[in-house]
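Colleague: The lines below spell out each chain.
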Amino acid sequence: MATTPPPPPASTPPPPPISHSAPPPAGRPRRVTASGAYREVTVSSIIFGIVVGAIMNAAITYAGLKIGFTIVGSAIAAVLGFGVLRGLLRRGSILETNIGQTIASAVNTTNAGVIFTVPVLLLLAQNGTLPGFELRFDSLDFWMITLACIAGALLGCVFIVPLRKQMLDIDRLRFPSAVAVAAILKSPGAGAAKSIVLAVGIVVSMLIYLPVGLPAIKNPARLDQLDSLVERERITPAEAALTREVAGWIEAENAPDAVIERGRSTLAAREAHVELAASPDDDSVQQRVEAMDAALKAMTDDPASRRYNAALCIAAYEASAGKGSWERLRAPDTGWAMAPMRGYKDLGLRLGSKKAADGKESIATDRDGNNRPDLVVVDDTIDAGRVLGLPDQMAFVFAIAPFALGAGYLTGRAGLLVLAGGILAYFLLNPLAFSLGYVPSTTRADEVAGYALGAFNRPLGIGLLLGGAMMGVIASLPAIREAIKSIGAAGKVAPNSRSTAVSNRTPDEMSLRSLLIIGGLAMVLLLVATEFSGQGGAGTMTGWLGGLPVWLARALIVLIAAAWIWFAGIIIAQCTGMTDWSPISGMALLTVVLVMLLAGKEDVISAVLLGAALCVAISCASDMMADLKTGYIVGGVPRRQQILEIATAAIGPVITMSTIVLIAGVNMRQFGVPIGPGTPTVAPQAQALQAVITGVQGGEMPYTLYGLGAALGALLGLGAFAGLGVLVGLSMYLPFYYILTYGIGCVANMVVGKIKGRAWAEEWGVPFCAGLIVGEAILALVINAIVLLRG
Amino acid sequence: MKLAAFLLITISLCVGVIGAITAYLPPLSLPNEQLVGLTLNAAAGKATIDPRDKAPIAPARTELTPEILTSLRDQGVERVRVKEFALGRWPEWWVFVLGCVGLGVGAFLMRTANRSIAATRSASADAVGASRLSPEQTLDALHSEVDSLRSRLTTMAAESDRLSTILAEISRMQQTHIASFLAARSEITARLGLGGYARLMDAFASAERAINRAWSAAADEVEAESLASLDLASELLVEARHRI
Numbered sequence: 003m004a005t006t007p008p009p010p011p012a013s014t015p016p017p018p019p020i021s022h023s024a025p026p027p028a029g030r031p032r033r034v035t036a037s038g039a040y041r042e043v044t045v046s047s048i049i050f051g052i053v054v055g056a057i058m059n060a061a062i063t064y065a066g067l068k069i070g071f072t073i074v075g076s077a078i079a080a081v082l083g084f085g086v087l088r089g090l091l092r093r094g095s096i097l098e099t100n101i102g103q104t105i106a107s108a109v110n111t112t113n114a115g116v117i118f119t120v121p122v123l124l125l126l127a128q129n130g131t132l133p134g135f136e137l138r139f140d141s142l143d144f145w146m147i148t149l150a151c152i153a154g155a156l157l158g159c160v161f162i163v164p165l166r167k168q169m170l171d172i173d174r175l176r177f178p179s180a181v182a183v184a185a186i187l188k189s190p191g192a193g194a195a196k197s198i199v200l201a202v203g204i205v206v207s208m209l210i211y212l213p214v215g216l217p218a219i220k221n222p223a224r225l226d227q228l229d230s231l232v233e234r235e236r237i238t239p240a241e242a243a244l245t246r247e248v249a250g251w252i253e254a255e256n257a258p259d260a261v262i263e264r265g266r267s268t269l270a271a272r273e274a275h276v277e278l279a280a281s282p283d284d285d286s287v288q289q290r291v292e293a294m295d296a297a298l299k300a301m302t303d304d305p306a307s308r309r310y311n312a313a314l315c316i317a318a319y320e321a322s323a324g325k326g327s328w329e330r331l332r333a334p335d336t337g338w339a340m341a342p343m344r345g346y347k348d349l350g351l352r353l354g355s356k357k358a359a360d361g362k363e364s365i366a367t368d369r370d371g372n373n374r375p376d377l378v379v380v381d382d383t384i385d386a387g388r389v390l391g392l393p394d395q396m397a398f399v400f401a402i403a404p405f406a407l408g409a410g411y412l413t414g415r416a417g418l419l420v421l422a423g424g425i426l427a428y429f430l431l432n433p434l435a436f437s438l439g440y441v442p443s444t445t446r447a448d449e450v451a452g453y454a455l456g457a458f459n460r461p462l463g464i465g466l467l468l469g470g471a472m473m474g475v476i477a478s479l480p481a482i483r484e485a486i487k488s489i490g491a492a493g494k495v496a497p498n499s500r501s502t503a504v505s506n507r508t509p510d511e512m513s514l515r516s517l518l519i520i521g522g523l524a525m526v527l528l529l530v531a532t533e534f535s536g537q538g539g540a541g542t543m544t545g546w547l548g549g550l551p552v553w554l555a556r557a558l559i560v561l562i563a564a565a566w567i568w569f570a571g572i573i574i575a576q577c578t579g580m581t582d583w584s585p586i587s588g589m590a591l592l593t594v595v596l597v598m599l600l601a602g603k604e605d606v607i608s609a610v611l612l613g614a615a616l617c618v619a620i621s622c623a624s625d626m627m628a629d630l631k632t633g634y635i636v637g638g639v640p641r642r643q644q645i646l647e648i649a650t651a652a653i654g655p656v657i658t659m660s661t662i663v664l665i666a667g668v669n670m671r672q673f674g675v676p677i678g679p680g681t682p683t684v685a686p687q688a689q690a691l692q693a694v695i696t697g698v699q700g701g702e703m704p705y706t707l708y709g710l711g712a713a714l715g716a717l718l719g720l721g722a723f724a725g726l727g728v729l730v731g732l733s734m735y736l737p738f739y740y741i742l743t744y745g746i747g748c749v750a751n752m753v754v755g756k757i758k759g760r761a762w763a764e765e766w767g768v769p770f771c772a773g774l775i776v777g778e779a780i781l782a783l784v785i786n787a788i789v790l791l792r793g
Numbered sequence: 008m009k010l011a012a013f014l015l016i017t018i019s020l021c022v023g024v025i026g027a028i029t030a031y032l033p034p035l036s037l038p039n040e041q042l043v044g045l046t047l048n049a050a051a052g053k054a055t056i057d058p059r060d061k062a063p064i065a066p067a068r069t070e071l072t073p074e075i076l077t078s079l080r081d082q083g084v085e086r087v088r089v090k091e092f093a094l095g096r097w098p099e100w101w102v103f104v105l106g107c108v109g110l111g112v113g114a115f116l117m118r119t120a121n122r123s124i125a126a127t128r129s130a131s132a133d134a135v136g137a138s139r140l141s142p143e144q145t146l147d148a149l150h151s152e153v154d155s156l157r158s159r160l161t162t163m164a165a166e167s168d169r170l171s172t173i174l175a176e177i178s179r180m181q182q183t184h185i186a187s188f189l190a191a192r193s194e195i196t197a198r199l200g201l202g203g204y205a206r207l208m209d210a211f212a213s214a215e216r217a218i219n220r221a222w223s224a225a226a227d228e229v230e231a232e233s234l235a236s237l238d239l240a241s242e243l244l245v246e247a248r249h250r251i
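Which chain is which? The protein sequence lines are Z and D, in order. Counting in my numbering, the first sequence runs from 3 upward without gaps. Counting in my numbering, the second sequence runs from 8 upward without gaps.
Hints listed in this document are in silico derivations from the structure and should not be mistaken for laboratory results. Fair warning: this is a prediction, and the values are worked out from it, not measured in the lab. Mixed in with the good hints, there may be bad ones.
[As the list claims (entries may be wrong)] In silico BS3-like pairs for lysine-lysine, Cα to Cα no more than 30 angstroms straight-line:
1) Lys68(Z) <-> Lys603(Z)
2) Lys90(D) <-> Lys603(Z)
3) Lys9(D) <-> Lys758(Z)
4) Lys299(Z) <-> Lys68(Z)
5) Lys68(Z) <-> Lys220(Z)
6) Lys325(Z) <-> Lys347(Z)
7) Lys196(Z) <-> Lys603(Z)
8) Lys756(Z) <-> Lys90(D)
9) Lys299(Z) <-> Lys325(Z)
[Stated by the list, open to error] Derived coverage of chain Z by chain D (criterion: at least 3 residues anywhere in the stretch with Cβ under 8 angstroms from a Cβ of chain D; other residues may be distant):
10) 166-173
11) 214-226
12) 631-638
13) 761-767
All residues carry an ideal CB built from backbone N, CA and C; glycine is no exception.
This is chain D alone, in the form it adopts within the complex (with noise of 0.2 angstroms):
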């Protein structure tokens, strides 16, 4: 369905922008009065010798009158770009509108097979011996590799294995942990709701930016707020477990 949706959305964008594009484009078929007046937008008229010397009938700016309708409508132009637009000068209103309600029913159908992909995401998360952890085991796995390492740091003698071991350390998490809890926002969604992930976010994103400042600092070679960091983080990540 998601397929046939995306196609529907695809297809009638064109359709809509094929239909606007003919808004300032009336047709020559009109009847004169709806068209004298009006200002072209651009030169209107073929190219009658070498393509490279363009020579237009009527250039932009120009008012247009009953002959030179005559003298166009003679060389078989068939629209011309006018500065004015009017419904009533629109004939192809209706691609427009078409292309509009293609849109909608595409976004519907999207919307259903969105919903519908992420509950069955769900449901195989939490069907017992799925391979893939959910997002609160990711975000226990978190938390415990983040105290994990604050524990290992008191057993090192040496600053700098120290230091050392905080950059590989938090890389390690960033690549694995973090980048999988953030790749399961849908699912997160389809159970939260928007308000509910935004919640959660904001206590993971203060967690991860606090990570992030551990490193930072480690690789200044601070260790003192390297530790306060990660402690920060730690905490947080209990913040964001229990919103979950």
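With the rest of the complex left out, here is chain Z (with noise of 0.2 angstroms):
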């Protein structure tokens, strides 16, 4: 190998300029600005942005809240930006329009980690472990949590923009809803022929997805379907019977006295509650409340009248007193058994039929004790695994999800490394550690894949992708170093560069200098809003910290919670640029148990705080380097998008908060919780989380199982790649099912490529995948909206 620099290559002498500053004919869309340069940073970009990402913030948060359904938004808001940018302003570039899908995603993506974390402290002020807890617009609480999750946002962004080079010109991160947002963005220069391709993806993919989605919509059931709702295990036969039994109250315009009674005492002891709220100091509310809460719990434990819910109660009441109309009953809230609309479940495809000794319909067939085959296909799985007669312990079940399917086309190879870790955890050791007897025996082997998930599986899969990432990162210094000393000499001139295009560009990224600056203020940011969050200065702590003076603890604990952000940012950036997949409920998880220890059990505010603060760190900061790949593949200016990501990062966090706080007056004075059970949205995640933090008080985290995972992650990761830990233990981490949908499209990528050769699975299979991501993500958009619309 040559060791001295060989000579410049030859190449043909520099052509003579073309001259085209004409501007273009009359009546062809202009994508220039009035200076003549391409459009890319406008002002119709940057209000398309904001307008398009406060929108689907505010709706997100309130479909996450009520169902759990959150969503990046990048690629709504391309295909959006085609509609709106050039459509119907018939100006917006390829590269305004991913101007204005960064700017939206980065307003909308904060959402996910708000509603993950936040309504805890709501769920939590119900429970008692935080008495007396509110968030108002005039609360300082409110203001201090959506502080630190602005300050997140920053710093997900600042920490995450000096790895840009590194994750994406170095490491050539696949990032395949990049590439699929990208592949939107270049369908009007890439032919005809591919936009054609592009829209068959999205067809097929919403065509797949429907009957995944159609059952969210549902309608009262009639007296008259009951019996088939039953029959398509759609209803319980105890639900049907709940329906007739309501549907004769509502044609005797009556019901049972208990029912009516529970209906009145329930709105009185509402009532009441929200009178404590206005007067936490009143013992004789206080009192009166506890009485109330008291007799309507024996109401409520009382066996005949348990399976009638409040909603039911309070309806039967208000029409018995005349305050509103007995159809009220015949409502979802109720319990009135619902119609869906028809999905895979339909089919009514079921396993063959297999009778016991005495009968019925064995186990093996018959796990849900109904005495009928268990259906194969619902509506988001197929069981292939029963139908091949495997072992009840391998959970061979698909996901019906286009979006795994076109991700995992899209990231072909590595996702392969997925799925094996998959096949490793689902077929190799849960069925091994349940012969060894490593399961409990009260557990039956279909259940083994479940539990494996939350007793081992996951906290070793959390472990690994701690450990591998570590690894990485290791591994990755010398591209490090060399990325941020790049980042270092940007806007300098090279002394040596003979190019005069190369040394007066603008520079590509942001200066370091601005990054330390904002990131140092996000910090000062994150410390006010600890200090003065919940007890503040005048707390105690009983953490690892407690010895320490309070002030001193909590700027301890915001350097620390700093740094694990940028460590998780890494690890989140790391896994959505491999696979699509963002662990972000587990690095929550670690952030609020990691606050907890060192603060003490009892700083709940804090832990959540922080905990907000790092979800939203690492969802911008997955999202801008998503960002930064689309723009890397359509060629825009890294250092622009940076700027309106970090310009841009404050307004999803008061969106996403104030939609919260509106939730939760209204449902204070409808139902007279704020928010979770017995209110319209329910906060799946955040009850998720309430259960992780309930876990850390009680004692019940399996720190143990992080610290081997992680051992195991480092040590994967010192032999074929850095980033192999990562990814078996997202395989770990994740439920199998999608694994297995996702491995069949890396498999497919595959295939395609040794028939048709890679040149052609790239050029046709990338936009057919895009059409394949996009699709679900518009059409599962779509039918939220109609459920939330319909209430």
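Please assemble the complex out of the two chains, which come individually in their own frames, going by the hints.
Modeller: Right, dumping it as structure tokens:
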């Protein structure tokens, strides 16, 4: 190998310049600014991004609290960008649309972090862990949590910017969804054939996903539908019986006295709770509330009335008192059976019948005990393992998810490692653990996958992610150093550069100094938020930092949290970059655990506040990296995207937090509780975090498994490539049915590449799979919007 | 050797995970003094009737007492899942350590194999008559094509022809030279080290992004920007060539 630099390559002489300053012919869309520059960052794109991002943020916050649905929104914004910037305004360029989707997704993406964490404070307030905690526009906690989320968004952005070169330019991480967004953006120039392939991908995706999504749209069942719904296993016989009973009440315009009395008592108790919230120090109100709660609990515990829910009792009371209609009882919240639209489940594809000795259906074919062979295809999964006769402990189930299929294809060969890790975990290790007696003997073979996921796969998977990411950072240090040196040199004219174009061009990246200033500011904001939220500086700490002065301990916690945010951001960006999956909940869980260990198990507000900051930070970090990947593919200037993401970082948290406060306020007036069970916004993700916090307080966290997993992840990263630990960790962390579908996509990529060649597989496979990703995202958004609009 | 390393890593990972799973599963063969007072983190005991009616002897969150332990042992239960961890209650720790050692050895073998493969590839690329282009040749070919495209554009009269040529030629470059240069990562890293590879890719990625921008501008029919981006790409490719 030559050790001296080779001579410059022989190339053709530079061509003479062509003058092209003339405006485009009349009638052709003008994709240049008034000064003749190519349209990229424009007022239209910024306004478009903020408006679309804000609408998506508020809508998805509501959807997330109600049904757990969230979406980053880049693909939706890209499609809308075409409609608005290119279609309506007739001037949006590819890069301008890219800026629009960048801002829209940045404004929207924060909701995933906030709704996972912040509502947990309201849930904890309800169960007495955080007595008196409220979120109102005039409460300091609201503003401090919002401030923390803004700080998190800024930290997520500034921490990830210096890693852009390492992740995108050097490691060439794939970011399947970003590739999909780029395919949409590039479709105007890609030619009619590729645009058709993209459109076909979207249509195919929608057709596949339609029967998955449609059952979410439900109507109150008619009485003549009940038997059919039971037959199709859409409702249980008990639900059908309750519906018939309630129908009798509606017809008779009367309900049992116990039900009406319980409805009256529930309403009275709620009013008392509202009164107590207004006067929390009033002992007489407190005593009245406790007495009412006790009486209500006695009524609820009565076996005869346990099957009637609160909404049904209240509706019956109001109807009997002439304050409402009896028809009000015919609603989903009262327990009236709902008839969903048709989905895959209605195909009625079942296992073959297999009778036991007693003449009943065998347990092998009837796990739910309804004396009928179980369904093989339900709305969102296909249980291929039971059809193939695999052992029960091997959960060979595929998710019906075109998104996962497309992401798998776009990931290609690297994704096979995720599939291999999943197969190892769910086909080998879990059955082995089962046969060795490492699973409680009360766990049935078919429950092993679910049990193992919670008991050891997920903790070990999180540990593997941590260890693998740590090894990835260590192994990439030379590349990271070069990337940061390159950013540091940006904007400076290289002394030996012969190139005018190279040396005179605008710097590609934000300067390190700007990033340091913004990062420092964000950390100060985070410290202020931590100091003034909850008990603030007056509180005491009992955790590992318990011996230190409170102000110092809080400053240390913020520093540690900031370092953790940086590390977690890398993990998330690597995961989404390699596979499109993001273990955000696992990282939030670890943050909350970390802060509760440092500050003490009582300092829940600080823990959740920093957890919220982290979740927002890592969702912003992965979103920014994905946007930068899209920008790379379409030739955008990274610096412009970075500045705009940081400049709009504060908008998202304010919108999400305001939406939560509005929802909580309305719920409080209507239902006596701000959020969670008993309201339409049950906050499923926050309930999961609440269980974690309760687990930390109850000493149930398997810390050792995290540590052991981290050791395995680090050792895995020493071998083939540093990211292996991350991929295997992710495969143990995720439910297997998604991994299997994703794996089909990876295998399809390799098979198509083998048969038709790599170039063909990329040229035609990418737009089609981009369509699969985008189609599901659009349809899911539409269906969820319909569900929300119908109440 | 790579296959052997891969198998060793896979088996060691399984061994390590199986060892780790037992960390919170103390065997009931341990003496009572090591078990009494621990809290169950999952129900314990065998289902006694129909498997669909699970009836544990002790539900989760139960504190283990001598009586419960006796009942569990009488039923043949061998392990229970508890909240607390202690090394003394983890007899299978050596299984985990064995897995870790195997992973370490496997990693060493894998790295050795990778180095050997990269050296072989590099040698074959240097060999006279090698049919595959070396990274330097690929970079030169890409640079020549960009310059050739720039020259050809000057000979075309119609703007629409120039734009469609840019789109077609860049699409072709992306599938040929750019893709093959990116596929040579392991070879370049073996020669230049990760730091050198990073320096090279810094320039190459900027050039690739400029080429991508030229494509987008051409698709948007903004020819001036497309040509300026091709100029920039050409100069960045020279920079990249110097770095390799």
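Colleague: Does each hint hold? Answer for all of them.
Modeller: Checked hints:
1. Under the criterion of a C-alpha separation no larger than 30 angstroms, the hint pairing Lys68(Z) with Lys603(Z) is consistent with the structure, at around 29 angstroms.
2. For the given pair, Lys90(D) sits about 17 angstroms from Lys603(Z) by alpha-carbon distance, which is consistent with the 30 angstroms threshold.
3. For a cut-off of 30 angstroms, the pair hint linking Lys9(D) to Lys758(Z) stands: about 28 angstroms separates their Cα positions.
4. For the suggested pair Lys299(Z) and Lys68(Z), the alpha carbons sit about 26 angstroms apart, so the restraint of at most 30 angstroms is met.
5. With a CA separation close to 15 angstroms, the supplied pair Lys68(Z) and Lys220(Z) stays within the 30 angstroms bound.
6. For the hint linking Lys325(Z) to Lys347(Z), the alpha-carbon distance of about 40 angstroms lies beyond 30 angstroms, and the restraint is violated.
7. Proposed proximity of Lys196(Z) and Lys603(Z) is contradicted: the alpha carbons are some 56 angstroms apart, above 30 angstroms.
8. The hinted pair formed by Lys756(Z) and Lys90(D) fails the criterion: a straight-line CA distance of about 50 angstroms is larger than 30 angstroms.
9. With a C-alpha separation of about 25 angstroms, the suggested pairing of Lys299(Z) with Lys325(Z) holds against the 30 angstroms cut-off.
10. By the rule of at least three residues with a Cβ nearer than 8 angstroms to a Cβ of chain D, the coverage given for the segment 166-173 of chain Z holds, with 5 such residues.
11. A count of 0 residues in the segment 214-226 of chain Z with a Cβ less than 8 angstroms from any Cβ of chain D is obtained; the coverage claim is therefore unmet, three being the minimum.
12. Given as covered by chain D, the segment 631-638 of chain Z passes the check, having 5 residues with a CB less than 8 angstroms from a CB of that chain where 3 are the minimum.
13. For the segment 761-767 of chain Z, the proposed coverage by chain D is satisfied: 3 residues have a C-beta within less than 8 angstroms of a C-beta in that chain, meeting the threshold of three.
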